[in-house]
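*Asks:* Spelled out, the chains give:
Protein chains: 2
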Amino acid sequence: MKFKRNERIGGIVKILSDSPNKIFTLSYFTQKFNAAKSTISEDILIVKNVFEKLNLGKVITIAGAAGGVKYIPKVSREDAKELLNELCEQINDPERILPGKFLYLIDLIYSPQIVSKVGKLFASYIDYSEADCVVTIETKGIPLALATANAMNLPLVIIRKNTKISEGSSLSINYVSASKEKIQTMSLPRKSLKEGSKVILIDDFMRGGGTLKGMEDLMKEFKADVVGKGVLISTDTPQEKLVEGCISLLRLIRIENDSVETIPNEDVIM
Amino acid sequence: MKFKRNERIGGIVKILSDSPNKIFTLSYFTQKFNAAKSTISEDILIVKNVFEKLNLGKVITIAGAAGGVKYIPKVSREDAKELLNELCEQINDPERILPGKFLYLIDLIYSPQIVSKVGKLFASYIDYSEADCVVTIETKGIPLALATANAMNLPLVIIRKNTKISEGSSLSINYVSASKEKIQTMSLPRKSLKEGSKVILIDDFMRGGGTLKGMEDLMKEFKADVVGKGVLISTDTPQEKLVEGCISLLRLIRIENDSVETIPNEDVIM
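If you're matching them up, the sequences are chains A and B in order. Under UniProt numbering, think of the first position of the first sequence as 1, with each following residue one higher. Under UniProt numbering, think of the first position of the second sequence as 1, with each following residue one higher.
Please note that a few of the clues may not be correct.
No farther apart than 25 Å at their CA atoms in a straight line, the calculated lysine to any residue pairs in the SDA-like style are these [stated by the list, open to error]: (1) K48/A / N49/B; (2) K58/A / Y28/B; (3) K161/B / N162/A; (4) K161/A / I183/A; (5) K2/B / R77/A.
Label pairs and their in silico Cβ distance ranges [what the hints assert, rightly or not]: (6) A66/B / P99/A: 16 to 26 Å; (7) A63/B / Q113/A: 48 to 58 Å; (8) G245/B / P238/A: 43 to 53 Å; (9) K53/B / Q113/A: 24 to 34 Å; (10) D107/A / A66/B: 16 to 26 Å.
Which residues of chain A face chain B? A few of them, derived with a C-beta cut under 10 Å, are [stated by the list, open to error]: (11) A149; (12) L156; (13) R160; (14) G168.
These are calculated hints, taken from the structure and not from any lab test. If you're wondering where the values come from, they're calculated on a predicted model, not measured in any experiment. From the three backbone atoms N, C-alpha and C, an ideal C-beta is built for every residue, glycine too.
Use the sequences and the hints to build the structure in full.
*Replies:* Here is the structure:
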């Protein structure tokens, strides 16, 4: 089958965009579109240009034997600002306040459309160039972490909160979640993480950082190295967290019985 | 800013492909690309052609006031066959057999690349034209269900397995999971599902169907209508399941202590 330039461009965009951070060789495209290398190289230049002009992320060419083309999702500051402001507007609805000053957020953090954007945002602010996988803890962080792993083209690992899991031998640790003020257990099957891995931790919400601290401790048991961590929302109080260097996209400034205020993190949108 | 046809085609493909099943108006594109309606209409014809020629799904035009263009992910029989055969090859590795004849599958069912393909596959075989949301139960089905919800452009709802959830008032039911042979509880916050919704149930694994039956029962409590259900793998035994009409992509024919056999479901790939 023969393809016109327009059609090749459309096809290349679709293929790259469906698999962020995956390297496609020139030969892959020459075979797919039955075209010469020089033709495909020209096509790719045009594709690069489209992504740049439309602020859709970056398309880069990697030289050498293992070389090829890949698409790196990158959210511009303006788009980040718009997304986070929209999220805050939705979160700051007093109807979301639950007994015990919890926030009802699952409609947002389970939304495929929202998490796919937030995943690209994490991939824009967390350096994952050395990372081997994304790690999260069940349940509410899973959609965000999956979207992040997808944007980073990394496997996802999910820590379980109980030990009744049938996934072979597991490593467990105890941790204290500040919000619940009690000792809990988190476990991870041995098979699911190689010793010495470099990992990115992702979760939905951080108050004191007890859960993330637990995740860090569990990673130590796997001799894994935490090379980045991100949460969607962190609370301003307590100011001192149990973990350092966590990127938070939103700040929960205050929550009362009848009002709540969340703002985008200045470091992310400035 | 002015765009060449090539660039517009690339941009339109990226935008449609990033948001499956979302309707974009012609005006959205005329503004984005600073071009006339007739020009954009021509572009869209080319985009339709690309998707068809490359078997990437369908792009359709909807007439009328609420009209526009949308991309419908659709996996061809050949691609489905290839994907499911590859999955079986990976699953049928005796190393995956765990004590108690469980199968270690989390590296596959948590893989962003795999679930995104499986999600499109569910969207190709389950009729979701009337559906309001995708419903799953924690934990292992979540990535599959999120990818499915994404392909269908529907919100995701996650049923929890414990009642210690801080999401406001919840509805709970008891169910018997055949594989564990004990009574368990599943809960869903009232806020998270509108009464009378039409839902698609997605899970990773079905043995007797106890969990899916529980999900159906919980849906009844919400006066919700189950309009479709799908699992990645169902076991051949027991032959009689507690639920009917569930689409299973793979069949687990047998699992012994040292060998396992899974095959693609003929109904899906034939």
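*Asks:* Kindly confirm whether 16 to 26 Å is satisfied by the beta carbon distance between A66/B and P99/A.
*Replies:* Given about 39 Å between the Cβ atoms, the range is violated.
*Asks:* Taking the Cβ atom of A63/B and the Cβ atom of Q113/A, is their distance within the range 48 to 58 Å?
*Replies:* The hint (48 to 58 Å, Cβ to Cβ) is violated, given that A63/B and Q113/A are roughly 25 Å apart.
*Asks:* Would you mind confirming whether the straight-line C-alpha gap from K2/B to R77/A stays at or under 25 Å?
*Replies:* 22 Å, holds
*Asks:* Given the hint that K161/A pairs with I183/A, test it: the Cα-Cα distance must not exceed 25 Å.
*Replies:* With a Cα-Cα distance of about 11 Å, the restraint between K161/A and I183/A holds, given a limit of 25 Å.
*Asks:* K53/B and Q113/A, beta-carbon distance inside 24 to 34 Å?
*Replies:* Cβ of K53/B to Cβ of Q113/A: about 28 Å, so the range 24 to 34 Å holds.
*Asks:* Is 16 to 26 Å respected by the C-beta to C-beta distance linking D107/A and A66/B?
*Replies:* 23 Å, holds
*Asks:* Taking only the CA atoms, is the gap from K48/A to N49/B under or equal to 25 Å?
*Replies:* The hint holds at about 22 Å.
*Asks:* Between K58/A and Y28/B, does the CA-CA distance stay at or below 25 Å?
*Replies:* At roughly 23 Å apart (the allowed maximum being 25 Å), Y28/B and K58/A satisfy the hint.
*Asks:* Holds or violated: L156/A as interface residue toward chain B, Cβ cutoff 10 Å?
*Replies:* With Cβ-Cβ at 5 Å, under 10 Å, it holds.
*Asks:* Quick one, are K161/B and N162/A close enough, alpha carbons at most 25 Å?
*Replies:* It holds: about 11 Å lies between the C-alpha atoms, which stays within 25 Å.
*Asks:* Would the hint on R160/A be counted as holding, given a Cβ-Cβ threshold of 10 Å to chain B?
*Replies:* 7 Å, holds
*Asks:* Given the range 43 to 53 Å, decide if the beta-carbon distance of G245/B to P238/A lies inside it.
*Replies:* With Cβ atoms ~51 Å apart, the hint holds.
The structure shown violates the earlier hints numbered 6, 7.
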